[in-house]
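Protein sequence lines, in the order shown, are assigned to chains L and U. Residue numbering for the first sequence follows my numbering, beginning at 1 and increasing consecutively. Residue numbering for the second sequence follows my numbering, beginning at 1001 and increasing consecutively.
Calculated directly from the structure, the hints in this document are not laboratory data. Don't take every hint at face value.
Using 25 Å as the maximum straight-line C-alpha spacing, the simulated SDA-like pairs for lysine to any residue come out as follows [what the hints assert, rightly or not]:
#, chain 1, residue 1, chain 2, residue 2
1, U, Lys1126, L, Ala231
2, U, Lys1159, U, Asp1339
3, U, Lys1159, L, Leu22
4, U, Lys1159, L, Arg208
5, U, Lys1159, L, Arg234
6, U, Lys1327, L, Val230
7, U, Lys1126, L, Pro236
8, U, Lys1159, L, Glu329
9, U, Lys1327, L, Ser343
10, U, Lys1126, L, Ser5
11, U, Lys1159, L, Pro123
12, U, Lys1159, L, Val230
13, U, Lys1159, L, Val27
14, U, Lys1159, L, Asp8
15, U, Lys1126, L, Gly353
16, U, Lys1126, U, Gly1088
17, U, Lys1159, L, Asp44
18, U, Lys1126, L, Lys33
19, U, Lys1159, U, Asp1178
20, U, Lys1159, L, Gly119
21, L, Lys33, L, Leu22
22, U, Lys1126, L, Glu212
23, U, Lys1159, L, Lys33
24, U, Lys1159, L, Arg151
25, U, Lys1126, L, Asp96
26, U, Lys1126, L, Ser343
27, U, Lys1327, U, Ser1234
28, U, Lys1327, L, Glu210
29, U, Lys1327, L, Arg234
30, U, Lys1126, L, Gly158
31, U, Lys1327, L, Val90
Take a look at the letters that make up each chain.
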Amino acid sequence: MTVLSADDFDGLRTALGDAAALTHTPVEIGGAKLDVTLTPGDEDALARSIAVLAARGIGAIVRGGGTRSASGNTAHRARVVLSTQRLTRVLEVDADEGVARALAGTPLSDLREAVDAAGWALPFDPPGACTTLGGTLAAAAIGPRHLGFGRPRDLVLGMDVVLGDGVRTRCGGRVVKNVTGYDLMKLQVGAHGSFGVISAAWLRLRPRPECERVLAAALGETGDAMARAVAAARLPTARVCALVDTNFGFVVEPDRAPRAGWLLIVEAAGDEAAVARDAARLSADFGAGDATRGVIDRVRSLQGANFEPAGLRFRLSVLPSRLDRALRELASADAALLIYPGSGLVFARIALGGIADGIGAERAWLAMRSAARAGSGTAVLEAAPEWAKVARDVHGEPTDEWRLARALKARFDPAGILNPGRFIGGL
Amino acid sequence: MRSLDRAGLVLALREIVGDAYCLARPDQLLPYECDGLTLHGAMPSAVVLPRDTDEIARVVRTCRRFGVPFVPRGAGTGLSGGAIAMDGGVVIECSRLDRVLHVDVADRFAVVQPGVVNASLSQLVKPHGLFYAPDPSSQLACTIGGNVGENSGGPHTLKYGTTTNHVLAVQLVLPDGDVVRLGSPTGMTNGPDLLGAVVGSEGTLGIVSEISVRLSPIPECVETLLAVFGDVVSACRAVGRIIRSGLVPAAMEIVDQRTIAAVEASVYAAGLPRDAGAVLLVELDGVAEAVARQVARIRDAALLEGAWRVDIARDAAERERFWRARKGAFGAMGRLAPDLYVHDAVVPRARLPEVLERICAIADAHGLRLSNVFHAGDGNLHPNISFDRRNARELEHVIAAGHEILALCVAAGGVISGEHGIGVEKREYMRLVYSDDDLEAMCRLRGAFDPDGVCNPGKIFPTTRFCIEADPKARGYDRVPL
């Protein structure tokens, strides 16, 4: 347990008062056991908290709903948890514009409710019952519907961010088109809180589709299975296209899960006539039929809601046409697979032998690396027990971005207090 | 820069790109003095036309050695003075890097050099049933490298998004001459999204020397409607109604009465009723069955807001005629006055009617000829002021009105640029939108890429902490004969 010194504890309490409730609650995140949590009550208190932490050089793990606690590298020098749990408010849903703004700690479920009530759809569906808006954006987290919704980077219109020295900043705006200065939103989306703490965001909403239909089909182990699945994902109304292997098939859709090969799940959404046409095509080409209720939720849960790290969960991103090649490299890894063929994403879970199965973990990494190379993409270890992260970067092979990220970290978080050690290259 | 240094610089640059591709005579430099916004001008020390990434990197390192800033330039069609070389910098013109390096039909992306002309890529991949979605008005001339710099939009961004939504990866020559790759053709990297920060950074973070762009499938069906209204406010209300209904057309454009008059009097005449107050052009694309129903819904929305009539293009020729009213607008306005100031601002779409009325009132109060032709679906306004820069008094009014228009748009919840960028044109207006802390955060990004501020200096960021001066000279309008 990392215990905050009495001096630092008193210093924080004096500087922040009641605005950022200090609580003693033991929490384990990112390999760090922390006993103090700061929970600022508003954006101003968040900024003041970060300023004080920076001034005292106290590293903080930024936490939203705690959905992705097992992700990232092992934290170093973190001494407190900085929680956004009290920053929960839907600030505006503009039904005329199809845009909404909420504080970062707002649970996506609350935001979705407000957006639904205004007649629009919230285009985020990552796994995790407690997932917050801020956590979703910081992790660039996606769910099965990313095929139709788009990615978080393309859905954020504006953002309020507190930088690592406590400076409150705003970027973007509420309008749907904007080139007024740099696009700092994209820098923050997917940076896992390393360049600042997102405190609020303006989002683009999607129209609610007139009609939704989910179909399922068994897809054999034939050589063209991936190509056929990619074709299904490219149907005009496809909002979800997922392939589930035999490890998961019976969990997702017991009646249609094949004994060998893949279970194909497609959600079509949009204009009624267009959905009907795509459904007919899926029926003709794949023998697909209507899936049972809740199937998309079950697919999403495979991505790892509140994943308890008993094994390893990798995310591979490859070119769709090279899925075949990538999968061949995974053949020996004994992984359970969920694939989104339209975007070339593979979620691979690997169970490990026993306690601290280092050889198993190493073998898994080698397979993932080969698969990423074969697919011209990348492999990231999304969730793992801390021992499996030792002496390894969960983000995979360094890229040119990593070098520039170091210079950015020095400027956006000069004291190095935000999620220290957890991001790429141990930033 | 001392003349001795300049001679040395030119010599060094010629060694890299060859004599023919390093321009240094005043008559050669003159075309590079400004871009599509002719009010601002600055004479470069030299212009180089490198042929590959390596030459760009060597040019950059040479500029560093001589302590000279540099600016990348595509076709020079930009409308915010972003491609002019301040402080006697060197212009790095990318027109020789004009090859499409690779087209991946299976994974729907292409790798291009920055000098590839926007429209030519769509033409090239058309046989594969694909196209490149961003379509700025200048797409027959502008380059994809320039589009990346400005995060260019166009009429069809309403449905397809702007350049940033279609760029998957870039090769970037950093301001220290190093070459990096950002992003991935897969659309996902294992690091921060620096690509997203580079697109739209107006050439201030480095020089893009190779670009991977997403290609989109050509929709199976396209329908184009032209709704004629008695006034522009009703046309705006129809747009609001369509957005609220959840329809996402490919494009929604409005041409106002003053523009119609100019178009109909020009070679671009599209047969529009000259007494119309505005026309709304709506394009729908997608699955045939769906589009047919959407056409009916759009027509109903237009009629409910008082459209005189709604025409639906019967064939490609008629579609082209409809679009002529939109695309010919800028050319037609050239007839009205020697100069045209094309403004660019965005407001929430529901605010369009009131904002437009007030913009017209501002122009009237200044005695200016203003017309509107704009991307209504995005709320992206283009108030165009026709004027004569030789008339100093009129120019003062043009500048004052421009400031009032931008302030009005920001007060309505909008921003000061939707697709043209800030460049030199709007740098002093950045404070209308952002606080000092917000701007300082942008400086931190800039500093990580270009700590010495040598890559396209003098753009985006305000030069003064004081209020905007009324004097055009003080605001950088160097070419104004006052």
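Just pull the numbers of the violated hints for me, sorted ascending. The structure breaks hints 2, 3, 6, 8, 9, 10, 13, 14, 15, 16, 17, 18, 19, 22, 23, 25, 28, 29, 30 and 31; every other hint is satisfied.
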